[in-house]
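Enquirer: Be aware that the sequence shown starts at 4, since it is given in the working numbering, and climbs by one per residue.
Mixed in with the good hints there might be a few duds.
Listed next, the in silico DMTMM-like pairs over lysine to aspartate or glutamate satisfying Cα-Cα at most 20 angstroms (straight line) [what the hints assert, rightly or not]:
1) Lys75 to Glu93
2) Lys75 to Glu110
3) Lys78 to Asp44
4) Lys75 to Glu85
5) Lys12 to Asp44
6) Lys75 to Asp97
7) Lys78 to Glu107
8) Lys78 to Asp94
9) Lys75 to Glu35
10) Lys12 to Glu35
11) Lys78 to Glu101
12) Lys75 to Asp94
13) Lys17 to Asp44
With beta-carbon atoms standing in for the labels, derived distance ranges [unchecked claim]:
14) Gly109 to Arg14: 43 to 51 angstroms
15) Pro131 to Trp25: 20 to 28 angstroms
16) His133 to Val19: 19 to 27 angstroms
17) Arg24 to Asp97: 18 to 26 angstroms
Simulated from the structure, these hints should not be mistaken for laboratory data. Ideal Cβ positions, reconstructed from N, Cα and C, are used throughout, including at glycine.
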Amino acid sequence: MLCPFCLGKTRFSKRVVTGTRWPVFLCPLCNEQIPALYANDYRRYPPVVVSALGFRQHGKTVYLASLFHALKRLKLADHWTEFFTMALNEDSLDTAYENVGLLEQGELPDSTPKNFPRPTMVRLNGVPQHANCTLLCYDTAGECFERATELV
């Protein structure tokens, strides 16, 4: 399985973590908690990596926000009866809704912080002529491309 956080290929371990009631999936390589929907449905919704790459202020974040806006607001289920999208964790839900909300108000999302990007994980189901999948969207800060020594 592909870890959405470290991009390592591994098997996720399931265990009870301090402060949780139920077992959670953890990546043994980076120790990040993996969303249960991602781990449990990995074969039914395999990951598709989408990376926004480019120099700063070139619209990577706006592009991804526009994609999320189109997936949520275009009422695609009216045309594709099996279609739905679902964010797989709270961070993904927050990212998608906050940036879509800004676009709808005529504002642009803030620049992406310069760090290893955390994925926005969105499940896609029922797109005609395409397999169901989980989009792993990475919005890399443009500043990372200014100096070769700062590439992650």
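Enquirer: Confirm or reject each hint.
Expert: Taking the hints in turn, this is what the structure says about them:
1. At most 20 angstroms may separate the alpha-carbon atoms for a hinted pair to count; Lys75 and Glu93 meet this at roughly 16 angstroms.
2. The suggested pairing of Lys75 with Glu110 holds, with an alpha-carbon distance near 18 angstroms, which does not exceed 20 angstroms.
3. At roughly 25 angstroms between alpha-carbon atoms, Lys78 and Asp44 are farther apart than 20 angstroms, so this suggested pair is violated.
4. A C-alpha spacing of about 14 angstroms is found between Lys75 and Glu85, which places the hinted pair at or below 20 angstroms, so the restraint holds.
5. Between Lys12 and Asp44, the direct Cα distance comes to roughly 16 angstroms. Compliance with the 20 angstroms bound is thereby established for this hinted pair.
6. Proposed proximity of Lys75 and Asp97 is supported: the alpha carbons are some 14 angstroms apart, at most 20 angstroms.
7. For the proposed pair Lys78 and Glu107, the alpha carbon gap of about 16 angstroms is at most 20 angstroms, so the pair holds.
8. The hinted pair formed by Lys78 and Asp94 fails the criterion: a straight-line CA distance of about 23 angstroms is larger than 20 angstroms.
9. The hinted pair formed by Lys75 and Glu35 fails the criterion: a straight-line CA distance of about 28 angstroms is larger than 20 angstroms.
10. Between Lys12 and Glu35, the direct Cα distance comes to roughly 14 angstroms. Compliance with the 20 angstroms bound is thereby established for this hinted pair.
11. Distance hint between Lys78 and Glu101 is fulfilled; the C-alpha atoms sit about 19 angstroms from each other, no more than 20 angstroms.
12. Of the pairs offered as hints, the one joining Lys75 and Asp94 holds, with about 17 angstroms between alpha carbons and a cut-off of 20 angstroms not exceeded.
13. About 15 angstroms separates the Cα atoms of Lys17 and Asp44, which keeps this hinted pair within 20 angstroms; it holds.
14. At about 46 angstroms, the beta-carbon gap between Gly109 and Arg14 stays in the expected band of 43 to 51 angstroms.
15. Between Pro131 and Trp25 the Cβ separation comes to about 36 angstroms, which falls outside the hinted range of 20 to 28 angstroms.
16. Separation of His133 from Val19 is about 37 angstroms and departs from the stated range, judged on CB atoms against 19 to 27 angstroms.
17. With their beta carbons about 23 angstroms apart, Arg24 and Asp97 fall inside the hinted range of 18 to 26 angstroms.
Hint check: violations occur at hints 3, 8, 9, 15, 16; the rest are consistent with the structure.
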